[in-house]
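Trainee: One-letter residues, chain by chain:
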Amino acid sequence: MVPAGGYLLVSALLFSLGVMGVLLRRSAIVMFMCVEMMLNAVNLSLVAFSRLLGDPTGQVLVFFVMCVAAAEVSVGLALVIALFRNRESIDVDQIRLLRG
Amino acid sequence: MMPQWTPYLVGLPLLGFLLSGLLGLLWPRYRRWEIGIGVLAVSVVALAFLLALGLFVGLPQEELPLRVVLYQWIASGDFAAPIAFRLDTLSLWMTLIVTGVGALIHLYSIGYMRGDAGYWRYFAYLNLFIAAMLLLVLADNLLLLFLGWEGVGLCSYLLIGHWYADREKAFAARKAFVVNRIGDFAFLIGLLWLFREVGSLDLGVVLDRAGAIESTALGAIGMLLFLGATGKSAQIPLYVWLPDAMAGPTPVSALIHAATMVTAGVYLLARLSPLYVLSPGVLGLIALIGALTALLAATMALVQTDIKKVLAYSTISQLGLMFLGAGVGAFSAAIFHVFTHAFSKALLFLGAGSVIHALEGEQDIRRMGGLSRHMPLTYCTFLLGALALAGLPPLAGFFSKDMMLTAALGSGHEVLWFLGLVSSLLTTLYMGRLLVLVFHGAPRAPAVSRAHEAPAVMRLPLVGLAVGAVAAGWIGWPDLLGHGAWNWIGRWLSDSTADLEHGLSLGLEALSIALSVTVAVGGLWMAFRLWGRAGLEADHMLQRRLGGLYALWQSGYRVEAIYERLFVRPLLQGSAAPLRWSERYIAGGLIGLASRSAFFIGSGIRRLQTGLLSLYALVMLIGALGLLAWFLWRSL
Amino acid sequence: MWLDTLALMPVLLLVVAGLLIIVLDSLDNDSPVLPWVALLGLLGALVLELNRLGGGGRFLFEGLLRVGGFSAYVNAVLLLGGIATVIFCRAYLPRIWHAHGEVYALVLFALVGMMVMAASYDLVLTFLGLETMSVALYVLTGLAREDVRANEAAMKYFLLGAFATGFVLYGLAFLYGTTGTTRLDLLPTRIPNTPLFWVGVGLLLVGFLFKIAAVPFHMWAPDAYQGAPTPIAGFMATASKAAAMSALLLLLGHGLGLVRPQWADVLAVVAALSMIVGNGAALMQGEVKRLLAYSGIAHVGYALVGIASASASGYAGALFYLLAYASAALGAFGVAALWEQRPDRQLPAEDLSGLGRRHPLLGALWVLFLLSLVGFPPLAGFMAKYAVFAAAVQAGKIWLVLIGVITSMISAYYYLRLCVLIWRPVEAHPLPSSGQLASGVLLLTSALLLWLGLWPSGVLELVGRFFEDSGLVLR
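Residue numbers (my numbering), protein chains in the order written: chain P, 5 to 104; chain G, 1016 to 1651; chain R, 7 to 481.
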């Protein structure tokens, strides 16, 4: 039996990894995958908390999160495709027409 | 007359504004129907005047002050700000001045603005100005007063910039607006502070509880509100906008920048006089600033060559005298001077307007002269106005000026009294100079011979104002005569103002009056001798004799240059090229600093907004970490 | 249960209308009927919400949501924004060749999410509302998909939005883990003073502050508004901010109302930063939509002053501010949408010159909207600023009020520049898209501004009634 703190630690590590990925990577797809990693880190801690409290709400919430993530994926990929069609590139550092 | 009619005083001009504005905006043909526009604008103000007269006659003095509530504007929690008007001797008197002089100037404008493309706009704004000014003087709540205060500032801005296609005029308008904002800012802070101390901004409550405010706070509030007054009333250090404000049409200068709006600061001091008498230090400062402004502006008026600029500096100087009067505790005398000055200065401005009109836009007095033959009525009325302003008895200006000066002497401000006397002397000199250079002597430009009298619609207001300039002083004879029994205005106003008693022996008072009369007669005689004989040569002679001092007066004590160097130029060097043109004309202390730092911050932020997504995410992360650090720190 | 569902009628109406639009769109592509269907649904919902504005709120589904009162007020503001957006879209979209039917469905779905946020007393539901709104808005932002600017705007909004969602969820997880509940009505009695709980609150705030574009979570806003279709930018600036602000108010005022000192100061700092940064950046901005975006950031700061006062009058002031700001900003964005004519959908400030000469009424309304944004009396903007500042003074946050007053004075500079610009004697092009309906909306919002400025008592009393005297709990 791993103590609950362990799950939370892993989840925090995963979350930080995701955050760092969003900051450091330049491909829109990879950045988005890092966001997904953050969400999954949250899922992990939600399940851990749910077990800890003996309360099902957390696990229900995980399903909602997965749902929402799926919706976001569909929109996000569509945006990436639209961008790629116009620019032949999905490097976010190169899209900076809007600034100032 | 029922006091319930009071809201219509504000409502009538407001209605005029709305009608003119909406019809003009939506119906292009209306814009050319000058008669309709003019009659509408004049009649609403004239009606307001009649209404004010009715209230003045119909309400016995014992029943004042009255509070007329229109409706509850703000009611949130324990704070309520009703739209309420205060009818007392002070507000009623100011209402009479504003509507009376205002109606005459509206009438004059019908002729003066004929053929102007923005005719409807002009009258709409003029009506709006009257409404805002009446709101200012009638408001029972300081917040409402502030609304009027901002409103007159806005109208002044719009009307100075009436010919906005001319860049310089548009910039003059902006300068007036910006300088006024500095004062308004102080005013607002003062109001907030007052609210904190008293818990209400209703005049009744504020004046009742003035004594309960702790004295340093009271002094600070007084100072802040006074700073607001210096902005609106063009006193040191915020007077720089008024000379430039002459870019507006001349009737606007007469109405807003001589007779009414610029006196709002004096009105504010008189309105809050129960508050001010509790902090003698602030009063002393007010008197000092007033005396200095009066003196310095009078010297500058002496060397101007633009007819309207002479009058503008003269206005600043006269306002300085009013502040001196208020500062020595003679609030009712200051308001009395507002009253007499409104007639004489409006008259002078309208006369100047007729001259400018006749000379097809010429404003330089060096290219005038000998106009008295071509414009006899204008000359006669202008003469009366000038003599009244110079303080020649028994014309109007003498009585009010004398009342303030004796108060200064009686309250032990001998130095300030002397400064006031010197500025009176200077007043006679520059008024004499103006009169002689414009109307006497030989014509100095060909246009003079073609000059002709203005149409009747412009002559009528001149006559009306001239009557006032002669007789308006007779309601306030010095205490010397009848021991104050003939001083009707003092008794009327002292119901609302907290005048300080001053014990002046009859002998000293007689001496002071004698000196005033001597100064007036002597100064005028000197001016007529000097400029009457030598004409423009006298200016050159003065320039030679006074040398550096004269140059200093001409440069306006280099104040503009100092402001320019201190605030404007550093700003220019700091800001981006496309913004330069707009910043060049901001002269003023706080706003210069504030806008400089604002532009600095702004350009910094824009540089941060690089369009880089990762940077945006990084800033978010930093923000998030900041939030977390905060909460962790608070919970530990 | 059945009755509770019935009480959700306004939201359901929008859902049905949205679905109907999708079905109709598939039968007759981009049919001109679609905006009318959307309007019908919106008006119906608005009537229903206004109808229960006066009464107190009522809990549904065992405390999951609460309708009426507070939520009715916010929903009315949201629906006003929706109606204006639909009408402006109808005039604007054909001009950029994107008169797609699904736009109206997406606007309705976004509104459904927003309305759920304003009514939700459970953070899970709030989260779902937030995401429903966001996903729809991502699509709307990138509507002009052949335009790189639109791609960029949508991409930035989307990636940063998803990033913020991660924070919200993580915060939610901590909140749940430390209190064992996600319900706002249970939260006040279960607040543990452990660091983990407060970390959760902080993370949760990131998400809300991102959606209302408060500094330092604001950087997406100017870029997204510039690339989005102009009416949609107006929709994001008003409705989505109002929804997120009301959710923030529910979380802080209701859920964390008992521990106000913990969060009030940090919110005050965010408010101050927003006012300074928003107004400072707008000062130097030449593109009208970007300028309005920065001005929106500043206005969020003013509204946050009310929340940071942490009192009943402060919350009421913030709610009043939302309505006042929404009316003025919808109008300003509406005029911009009607006037914009460049193929790249940009609107540099110089393009406005001559507008007032060509269309005096439109010019006058533009001036009115901007003056209200300045906070010029007697317009709604003045009263709104007054309400929040007065609350902050009562709460002893004088420094915050000082910053607010100074920044709003500075803001006069750039607003007045835009006001003056339109009256320049320049020959201007005629209005590219006209619409009686759009003019009607502009007139309506300007009337609202005047009404709120001159007779604010009614609305101020109404919003004051949503809070108990202590400012603790929403009624």
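Bear in mind the hints are in silico, worked out from the structure with no lab data behind them. There may be inaccurate statements among the hints.
Which stretches of chain P does chain R cover? Using the computed rule of at least three CB atoms under 8 Å from a CB of chain R, they are [unchecked claim]: (1) 38-46; (2) 50-62; (3) 71-81.
Just so we're clear, the structure is a prediction, and the values are computed from it rather than from any experiment. For glycine and all other residues, C-beta sits at the position ideal for the given N, C-alpha and C.
Trainee: Checking against the hints above, which ones are violated?
Mentor: As far as the earlier hints go, not one is violated by this structure.
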